[in-house]
Every structure is written in C-alpha cells, then in structure tokens.
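Chemist: Each chain sits in its own coordinate frame; assemble them with the hints.
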Amino acid sequence: MAAAEPHAGPAPDPIRPMPPVTEIGAASMICIAAGVIFTAAHLPARAPLAVPVALLAVAAALQLLNAVILSRIDAFAWSRFLQVGKWALLAYAVIAGMIEYAFVYDHTRGSQLAVLTAMLALFMLNVPVLIAFTVARYQSAAR
Amino acid sequence: MAVAAQAAPGLDQAARPDFRIVPVKGLPIVALILAGVIVAIARDARWGLVFCHVVGGGLWTGIDLFVGFVVGPILGRLSIPARVEFSKKFMPMMLLIMPTIVTMTLAAGFQIARQDGFLDTSNPKHAWVVASFIVVGIMAVIALAYLEPANVAVLFELRKPNPNGEVIAGLMKRFMYTAGITGVMQVATLVIMTKLVS
Chain A
1 MAAAEPHAGP APDPIRPMPP VTEIGAASMI CIAAGVIFTA AHLPARAPLA
51 VPVALLAVAA ALQLLNAVIL SRIDAFAWSR FLQVGKWALL AYAVIAGMIE
101 YAFVYDHTRG SQLAVLTAML ALFMLNVPVL IAFTVARYQS AAR
Chain B
144 MAVAAQAAPG LDQAARPDFR IVPVKGLPIV ALILAGVIVA IARDARWGLV
194 FCHVVGGGLW TGIDLFVGFV VGPILGRLSI PARVEFSKKF MPMMLLIMPT
244 IVTMTLAAGF QIARQDGFLD TSNPKHAWVV ASFIVVGIMA VIALAYLEPA
294 NVAVLFELRK PNPNGEVIAG LMKRFMYTAG ITGVMQVATL VIMTKLVS
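These protein sequence lines are chains A and B, in that order. By the numbering used here, the letter at position 130 of the first sequence is numbered 130, and the numbering carries on one by one without gaps. By the numbering used here, the letter at position 75 of the second sequence is numbered 218, and the numbering carries on one by one without gaps.
Pulled out of the complex, with its shape left as it was, chain B reads as follows (with noise of 0.2 Å):
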C-alpha cells in the first residue's frame, strides 16, 4: 500500500523531521528532580516529601485533565497539519514530563503514606489508601500499555519523509481516548486525597 496516496492533505509541508523525539536538554532538569525525591525519601524530609508529592500531584491531576478535557477535544477538531504541528511541540515535552512528575508523586506519597500510618492495616484510612493504589494501577496500565507507546510511535512517524495520515490519525485518536479515560481517573483520585487529608 503507497504510504504517500494516505497521506493527508498538507501533511507533507507540515511534518518536516525538525523536533527531536527526546528533548535532551530537559534530561538534566528530569535528573535533579528525580535526585531531589531520593533525597527527601533519604531524609525522611517531612516538607520535601509533601512539596514532591503535591507539586507532582497537582501537575499530574492539571495536565491529565487539561489534556483529557480541554486539549484532547480540541486537537479532535483540528486540520491534519495542525494537529501534526501541534504534536511535534508538545508530544515531546510529554514524554519528558509525565513520567518524571508520576514518579515524583508516588515516590513522595507512599512515604507519607507510612509516615501517616494510613499504610498500618488498622488505619480507619488504610481502604482510601488502598483505593488509590487502585486508582493509579489501573492509570498505569492505561498509560504505560496504550498512552505512552502512542505518544512515542507518533513522533516516529512524523519524522518519517511521507507521514502516514492513517496511522497518526489512528495513534492521535488513541492518545486522546487513554488521555480522557485518565483523566476521568484523575476525578477518582482528587476524591481519594481530599478524604485521606480530611
């Protein structure tokens, strides 16, 4: 099948191979984020854990629901070309971004977790711990199995001379339905924190 007939109109000009699929410069700011939550988990630091864990939190819950609720709608109803030159700038930011503030928030918050006894199984809070166990797991698998590889397959094919229409079209629509469905999760998980802080 001739790749260049599915091409959509004007996807040619638009996909030119000019973004990294990595942005190494954030490398480094990923690396003292990362070292900044071992140290506090080191530390038991009581305000670095709850600063890691909350300014991940919030991030985390912020762009999962922008993107599931505001971006992904919008990208939805965008030109093929304005859908690729949107995605070349911000697919990979995510692919720096939400794995690092993921890891940030649980890291943190499993040790406040046990610092709060909510992990001790007489806890009256232990279930909304576990619930949010749950809430992330379930997140995970949605993320880490269909989101992230979608997110990742897209810039490979954008770097490609002749994108194929079909396919980004097809991976795009992936990535905003896994974007959604986290971010309906991320409600759940709003509702678990405000109870386990209540």
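If we strip away everything but chain A, and leave its shape as in the complex, we get (with noise of 0.2 Å):
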C-alpha cells in the first residue's frame, strides 16, 4: 500500500490486531434486542421496567466500553471511521424513526416508551460504530 499511496506514510498492518470493538458490540446488541424483545413480549400491556432497564443500563456501559476502547487506538483511520459512521448513523436513524413510530402508534407511552426509545437510540448509535469500526480497521491511518 505504501508503494501505491506515497502520501500515505508507513503503512499500519491491515490486519494487525484490534481490540474487541465488534465483540463488545455484538454483546450490546444482544442485551438490546433482549431488552426489547422481553418489552415488545408484554404489548400491549405495561411490561415490568426492571429487567429492560438493567439490559439498557448494561448496553449503554458496553457502548460507552467500546467508545474508551476506540479512542485509545494508535493510528487509526478516523476520517474514513467518521465517514462511514455518519452516513450509517443517516440511514439508521430512519429505521430506528420508523420502529419508533410503530411503538408511538401502538399507544406505547410513558416510562415504557422512554426505556424503548433510549433502546433504540442504542441501536441506532452501535450499528454505525461497528460499520464504521470494520471499514476503517482496514484502512491507512493518514488517509
């Protein structure tokens, strides 16, 4: 790669290894659509809040776990990261609108929709970090 970008500069590993950031992912994800899942179970009655609340609570620290870990990486490709990121974030924040909107529709309302809403906000941030986090990975820091 160096040989075919001349301003890239040396060349990091392409596939050096990284810290979990996919695995830590995953494991939110799976306490998020848990959390909704035991949710979505009860409409549409009221579900207990404890055990969405404690899934959330889990799902936001790996996220925030993943966030440390990102920013600690040496020479990391942060322009393609945030490029890909951004447009990921783009299309899911209108999938998650769309799910959101489904459960406004459905009536679900108060502490039931806020768990679900911060749920979604989530998955909506997690999936563009992974995307992001894999493409870049892969890429030239300098580019």
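Worth double-checking, as some hints may not be accurate.
Beyond 12 Å from chain B on every Cβ pair, some chain A residues (computed) [stated by the list, open to error]:
#1 19
#2 58
#3 61
#4 64
#5 78
#6 111
#7 115
#8 118
In the BS3-like style, the derived pairs of lysine-lysine whose C-alpha atoms are separated by at most 30 Å in a straight line are [to be verified]:
#9 168/B x 316/B
#10 232/B x 86/A
#11 86/A x 316/B
#12 168/B x 232/B
#13 168/B x 86/A
#14 232/B x 316/B
#15 338/B x 268/B
Under 7 Å between C-beta atoms, here's a sample of chain B residues computed to sit facing chain A [what the hints assert, rightly or not]:
#16 250
#17 262
#18 296
#19 310
No wet-lab data here; the hints were simulated from the structure. Glycine residues also receive a C-beta, built at the ideal position from the N, C-alpha and C atoms.
Modeler: Given below as structure tokens:
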C-alpha cells in the first residue's frame, strides 16, 4: 500500500490485531435485543421495567466501553471511520425512527416508551460504530 | 507489511474501483417502499400490511437461504478475481435491499400481530410471536454486528488501488458464514410463521 499511496506514510499492518470492538458491540446489541423482546412480548400491556432497564444500563455501559477502547487505538483511520459512520447513522436513524413510530402508533406511552426509545437510540448509535470500525480498521491511518 | 505482496494473483486486475459502494439510483425506490410501509401502518390498511409483510418476508427468507446455501458455497469455490468481480456487483445491491426488506417485514409484521391479537399474552399463539422476536433478535445481532460491516468493508477494500487479498478473503469468509447462520435461522422463521397462520 505504501508504494501505491505515496502520501499515506508507513501503513499499519492491515490485519493487525484490534481490540474487541465488534464483540463488545455485539454484546451490547444482544442486551438491546433482549430488552426490546422482553418489552415487546408484553405489549400492548405494560411490561415490568426492571429487566429492560438493567439490560439498557449494561448495553449503554458496553457502548461507553467501546468508545473508550476506540479512542485509545493507535494509528486509526478516523477520517474513514467518521465518513462511514455518519452515513450509516443517517440510515439507522431512519430505521430507528420507523420502529419508534410503530411503538408510538401502538399507544406505547410513559416510562415504557422512554425505555424503548433509549434502547432504539443505543441501537442507532451502535450499528454505525460497528460498520465504521470494520471499514476503518483496514484503512491506512493517514488517509 | 506490504499489501501488494499479499494481493492474490489477478486481484489487482479484477479489483478496479469502477463501482459505487451505495447504488444511489436505488435510494428513491427504498424511500418509496418505506413510505408505503408508513402509509400502510398509519391507515391500518390490512392488505397493505399483509402485502408488505408477505413480500418483504418472502424476499428476506428467500435471499438469506439462497445466499447462505447456494451463492455462499459457490462463491467459496471461485477464484479470487471471480469473487471480486461478483462482489463488486452483488454487495452494493445487498447494502440497499436487505435493510429495506427487513424493515418492511418487521414493521408490517408487528402491526399484523397486533391486529390479530397475537401480541396479547393470553393468546394461545403468543408464544410463537415471542419465538419469532427471538429469532429476529438473533439474526439482527449476527447481521448488524458481523455480516453488514463485513459487506461494507469488502467494498471499501475493493476500491483501493491495490486491494489486500488476505483482508478480502477474511471478510468474505465472515460474510458467507454469517449468511449461512442467518439462512439456518430463516428455516426457524418458516416453521414459526407457518405455525402462526395454521
């Protein structure tokens, strides 16, 4: 790559070991999916909130951990990460918006809607991070 | 590590950046489909919801099974340049088609389940709906955390002047394995959906 891209500088090994961002993101997504399934399984009645709130907290903590881990990666292609991430965020904002619309349309209200909205927000943020990370990890950091 | 040294023979010829990662021409069709789903939900239009759910679900299941069990194994046996050529045409389309039909199927399906009373915990078929939520949840985690990121990363790798054969092979393997797993999960979906309407 260095020969083909003279402005890129010394390129990092494109398949160098990376921290488990994908695995942590997948674990966060499992918590979100479990929380949404638990709540949706009780709709249109009210679901007990303790389980979804606990899952929401774990999912949020895992995404926070991912953000910290990402920020500590040396020689990472941040420009590519942001480029891919912002478009993926737009796409998943549309998808999350549609799911939110379905919940509101089905008269989900109050604390239950708040928990589901928070889960959708985490989902909307998580997927773009995973896509952008997978793309950026194979890109030259200087680009 | 010099990437050019890792590139598989013929890869540099096959992998010219002559394609778009997101086929922009398809975006109006996606917008139209999603608008149709929103209208069907807003109007509680039974036919519209069933149409969106059956068409979307049929395509989703069919594509997952076909990719997982037919295209995937064939792709695994092709030469690297042939895989690259195929991927350049196939992956951008999948990037638009799959999220659209998944959203269409799930949004419409949830409304149908509500209309039919399957969401009611006292409904004898409620457990099947919850089972479908679980299957969809597993597929969502696999597809969104592993399959789709691999799909996008392959496309970015293919646009490089000297794509890395090792990176492409690794990502394609990940794509094919995850497509196979979602294919298996789709068999469970078929069982659940046929149980629900029987």
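Chemist: All the hints need checking, so say for each whether the structure fits it.
Modeler: For each hint, the structure was consulted:
no., hint, verdict
1, 19, "holds, 15 Å"
2, 58, "holds, 14 Å"
3, 61, "holds, 17 Å"
4, 64, "holds, 17 Å"
5, 78, "holds, 15 Å"
6, 111, "holds, 19 Å"
7, 115, "holds, 16 Å"
8, 118, "holds, 17 Å"
9, 168/B x 316/B, "holds, 29 Å"
10, 232/B x 86/A, "holds, 24 Å"
11, 86/A x 316/B, "holds, 27 Å"
12, 168/B x 232/B, "holds, 14 Å"
13, 168/B x 86/A, "holds, 20 Å"
14, 232/B x 316/B, "holds, 18 Å"
15, 338/B x 268/B, "holds, 8 Å"
16, 250, "holds, 6 Å"
17, 262, "holds, 5 Å"
18, 296, "holds, 5 Å"
19, 310, "holds, 5 Å"
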